[in-house]
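Heads up: the sequence shown begins at 6 in the working numbering, then just goes up one per residue.
Treat the hints as calculated values from the structure; they're not laboratory data. Here the structure is a predicted model, which means the values were calculated and not measured. Check before you lean on any hint, since a few could be wrong.
[To be verified] Label pairs and their in silico Cβ distance ranges:
id : residue 1 : residue 2 : range
1  : E55       : E114      : 17 to 25 Å
2  : G73       : E114      : 34 to 42 Å
3  : P101      : R64       : 17 to 25 Å
4  : E47       : E23       : 12 to 20 Å
5  : F48       : V125      : 21 to 29 Å
6  : E47       : S12       : 20 to 28 Å
7  : D102      : K52       : 15 to 23 Å
8  : I110      : E56       : 15 to 23 Å
9  : G73       : R24       : 30 to 38 Å
10 : G14       : P101      : 20 to 28 Å
Think of the CB as a built atom: it goes at the ideal place given N, C-alpha and C, for glycine as much as any other residue.
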Amino acid sequence: MPCSDSSSGLNIRLDNNERFVKFEFAKITCSREIGASTGFSEFCAGKTLEEILDFQYARLVQQLACDGDEERQFVLHLEWEALRAAIAQYLGIDRPDIDQDRCRITSIEYDERGVEISEVVLPPKELPKILPCSLADQN
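Could you build the full structure based on these sequences and the hints that come with them?
This is how it looks when you write it as structure tokens:
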């Protein structure tokens, strides 16, 4: 679970036709990187941005075989939420099912390979009651 020092970043690469190529997601919590290979970036490859916006989280959990793996589901949710927010902001789309308040595009770069979008994801305003990692490790 995230704690108050959480931060994350997302870099998205699109081809020259603005089709999805890949993304890199980094989530740092308690000075430790959280990661689980979800396969979400590979799943999105070649898709249009509009297709990715319409992905439903519950269906992705099934399609990417994350059932029963809480860490993969957690990271998948973070990736899914951040990617959709970045795409919606990039396209100028405002959808009530996408939380754009926590996500901010920091740069958009164009080159001969396509487009790279960088985004920072802010921690939630209200965090669940959890033990700090240092205390949880002592139990």
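For each hint, the structure was consulted:
1. E55 / E114: 17 to 25 Å: At roughly 22 Å between Cβ atoms, E114 and E55 fall inside 17 to 25 Å, so the hint holds.
2. G73 / E114: 34 to 42 Å: Holds, since G73 and E114 (Cβ atoms, about 39 Å apart) stay within the stated range.
3. P101 / R64: 17 to 25 Å: Given about 19 Å between the Cβ atoms, the range holds.
4. E47 / E23: 12 to 20 Å: Holds - the Cβ-Cβ distance for E47 and E23, about 19 Å, lies within 12 to 20 Å.
5. F48 / V125: 21 to 29 Å: Holds: the Cβ-Cβ distance is about 23 Å, inside 21 to 29 Å.
6. E47 / S12: 20 to 28 Å: 25 Å, holds
7. D102 / K52: 15 to 23 Å: 18 Å, holds
8. I110 / E56: 15 to 23 Å: The hinted range 15 to 23 Å holds for I110 and E56, with Cβ atoms some 20 Å apart.
9. G73 / R24: 30 to 38 Å: 32 Å, holds
10. G14 / P101: 20 to 28 Å: Because 25 Å falls inside the window, the suggested range holds.
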